[in-house]
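Whole structure, please, built from the sequences with the hints as guidance.
Our numbering puts the first residue of the sequence shown at 1, with every later residue one more than the last.
Hints are computed from structural coordinates only; laboratory data are not their basis. Among the clues, some could well be false.
[What the hints assert, rightly or not] Here are the in silico distance ranges between beta carbons for each label pair:
no.: 1; residue 1: V108; residue 2: G225; range: 25 to 35 angstroms
no.: 2; residue 1: R376; residue 2: R216; range: 57 to 67 angstroms
no.: 3; residue 1: L228; residue 2: L96; range: 48 to 58 angstroms
no.: 4; residue 1: R117; residue 2: R92; range: 17 to 27 angstroms
no.: 5; residue 1: Q107; residue 2: H166; range: 48 to 58 angstroms
no.: 6; residue 1: G318; residue 2: E122; range: 40 to 50 angstroms
no.: 7; residue 1: R260; residue 2: V211; range: 22 to 32 angstroms
no.: 8; residue 1: I321; residue 2: G3; range: 44 to 54 angstroms
no.: 9; residue 1: E13; residue 2: H322; range: 21 to 31 angstroms
no.: 10; residue 1: S73; residue 2: R270; range: 50 to 60 angstroms
[As the list claims (entries may be wrong)] No farther apart than 25 angstroms at their CA atoms in a straight line, the calculated lysine-lysine pairs in the DSS-like style are these:
no.: 11; residue 1: K104; residue 2: K125
no.: 12; residue 1: K355; residue 2: K368
no.: 13; residue 1: K312; residue 2: K361
no.: 14; residue 1: K355; residue 2: K345
no.: 15; residue 1: K381; residue 2: K368
no.: 16; residue 1: K312; residue 2: K226
no.: 17; residue 1: K47; residue 2: K125
The beta carbon of each residue, even a glycine, is placed where N, CA and C say it ideally should be.
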Amino acid sequence: MAGERILIIDDSEEIISFLVAVLQPLGYMVSYAGDGKDGLARAVYEKPDLVLLDLNLPGMSGIAVLEALHQRSVQVPVIMMTFHGSESVVSRAMRLGVRDYLTKPFQVEDILSSIERVFREEREKRAQDIFAVDPALLELQPQPVVDSAAFRSVVGTSLVAVTSRHALLTQVTEAALRLSGADVSAVFLAEGGSGLATAAVRQGEVCRVDVSVSDRQAETVVRSGKPLQVSASADPSAFTTQLGIPARALLYVPVRLRERGIGVIAVAFRQPGQEPSVEIVDWLLGLSDYVALLWENVRFRDILQRSLPLQKVGEVLGVFIHHILASLQALSSGAGGDESAREAKTLAAILAVLKEVASPKSALYISKVPVSDIERELENKLRQL
Numbered sequence: 001m002a003g004e005r006i007l008i009i010d011d012s013e014e015i016i017s018f019l020v021a022v023l024q025p026l027g028y029m030v031s032y033a034g035d036g037k038d039g040l041a042r043a044v045y046e047k048p049d050l051v052l053l054d055l056n057l058p059g060m061s062g063i064a065v066l067e068a069l070h071q072r073s074v075q076v077p078v079i080m081m082t083f084h085g086s087e088s089v090v091s092r093a094m095r096l097g098v099r100d101y102l103t104k105p106f107q108v109e110d111i112l113s114s115i116e117r118v119f120r121e122e123r124e125k126r127a128q129d130i131f132a133v134d135p136a137l138l139e140l141q142p143q144p145v146v147d148s149a150a151f152r153s154v155v156g157t158s159l160v161a162v163t164s165r166h167a168l169l170t171q172v173t174e175a176a177l178r179l180s181g182a183d184v185s186a187v188f189l190a191e192g193g194s195g196l197a198t199a200a201v202r203q204g205e206v207c208r209v210d211v212s213v214s215d216r217q218a219e220t221v222v223r224s225g226k227p228l229q230v231s232a233s234a235d236p237s238a239f240t241t242q243l244g245i246p247a248r249a250l251l252y253v254p255v256r257l258r259e260r261g262i263g264v265i266a267v268a269f270r271q272p273g274q275e276p277s278v279e280i281v282d283w284l285l286g287l288s289d290y291v292a293l294l295w296e297n298v299r300f301r302d303i304l305q306r307s308l309p310l311q312k313v314g315e316v317l318g319v320f321i322h323h324i325l326a327s328l329q330a331l332s333s334g335a336g337g338d339e340s341a342r343e344a345k346t347l348a349a350i351l352a353v354l355k356e357v358a359s360p361k362s363a364l365y366i367s368k369v370p371v372s373d374i375e376r377e378l379e380n381k382l383r384q385l
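Next comes the structure, spelled out in structure tokens:
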């Protein structure tokens, strides 16, 4: 994992939570501040590799933060985050050294692309400095299968938008092959308390999902929580008997969520002399961290869809809010006497129906009846007043 340090300066808790959830699983070390003054102090003393800076901050604006960094000679790449209508200030920010800017609301791929572009420029600048000192040093350095930029590209582009179980399994096996350079990949996941099972196996472009095969090495890894490498000399039939594919070397890494083993990612190398390197182990461990979070999100999404679609909740709330606002507006108009009493009864009737909708024992329970039936019942109650 790259481990670059990113400082987020934004007064929106939603934006901060969103960015932390996207960036931390990719291996970035993330810190954040909720206002310009605190953000400036963190930028000076933490010396991050990148700052994501909101333009409109309370107390000390984003432009003021940039000016203060410039005055202190703090050389740190900055990506500005703005809303529509702030473009007139962007040119001033660019003159102060801002490397890129994003218009809110932005998509995940937008922020990842911008961050990677800035870090790629920084890496190229450092590489040029090294090359100027001694060109031979570059040739002597062992090259990993993929670099940190490639890792974030594989994970960011293929996994970040995954919302279904099938898509997750197929994308994870593809990502494992691309990161490792292996011939075969497999994902083992625990579902519904039934123990570990082979969920997907990929060989090149062919991916088989829901393959029912047991694997003793995978069981060992999920219990130990540690990577396991198996060579042909130690166990020549390891992968052949498990998945029907001859292999010279195998690598298993655990997928863990909150210190609990929930699965394993495995890759197999078929050619003589192929051995998984330390870098490959690191890439797959990084991938497994991300998979654990996505797997939890997919399962939670499935539970919500099976129990109660969020769209229906919104539609039902819209029905009640319309009537509640009308009654509150009538009450706030200052009407007294019989009119106020009527509106009070109306609110009480609305709340009574809402209570029925929220009660699983009610015949009007939200998950049992269409929204139109709920709206009809509410209007009947109001007509009886």
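Do the hints match the structure? See the list:
1. Hint check: V108 to G225, Cβ distance near 29 angstroms, so the stated range 25 to 35 angstroms holds.
2. Distance hint check: the CB atoms of R376 and R216 are about 59 angstroms apart, consistent with the given range 57 to 67 angstroms.
3. Remark: the range hint 48 to 58 angstroms for L228 to L96 is upheld by a beta-carbon distance near 51 angstroms.
4. Distance hint check: the CB atoms of R117 and R92 are about 21 angstroms apart, consistent with the given range 17 to 27 angstroms.
5. The hinted range of 48 to 58 angstroms is not satisfied by Q107 and H166, whose Cβ atoms lie roughly 23 angstroms apart.
6. Restraint check, G318 to E122: a C-beta distance of roughly 48 angstroms satisfies the suggested window 40 to 50 angstroms.
7. Hint check: R260 to V211, Cβ distance near 24 angstroms, so the stated range 22 to 32 angstroms holds.
8. At roughly 47 angstroms, the beta-carbon separation of I321 and G3 lies within the given 44 to 54 angstroms, and the hint holds.
9. Checked against the hint of 21 to 31 angstroms, the C-beta distance between E13 and H322 comes to roughly 29 angstroms, which is consistent with it.
10. Between S73 and R270 the C-beta distance comes to about 54 angstroms, which sits within the given range of 50 to 60 angstroms.
11. Taking the CA atoms of K104 and K125, the gap is near 29 angstroms; set against the 25 angstroms cutoff, the hint is violated.
12. For the hint pairing K355 with K368, the CA-to-CA distance comes to about 15 angstroms; that is within 25 angstroms, so the pair holds.
13. Using a Cα cut-off of 25 angstroms, the hinted pair K312 and K361 holds, with the two alpha carbons roughly 19 angstroms apart.
14. Of the pairs offered as hints, the one joining K355 and K345 holds, with about 15 angstroms between alpha carbons and a cut-off of 25 angstroms not exceeded.
15. For the proposed pair K381 and K368, the alpha carbon gap of about 19 angstroms is at most 25 angstroms, so the pair holds.
16. Between K312 and K226 the alpha-carbon distance is near 44 angstroms, which puts this suggested pair outside the 25 angstroms criterion.
17. About 18 angstroms separates the Cα atoms of K47 and K125, which keeps this hinted pair within 25 angstroms; it holds.
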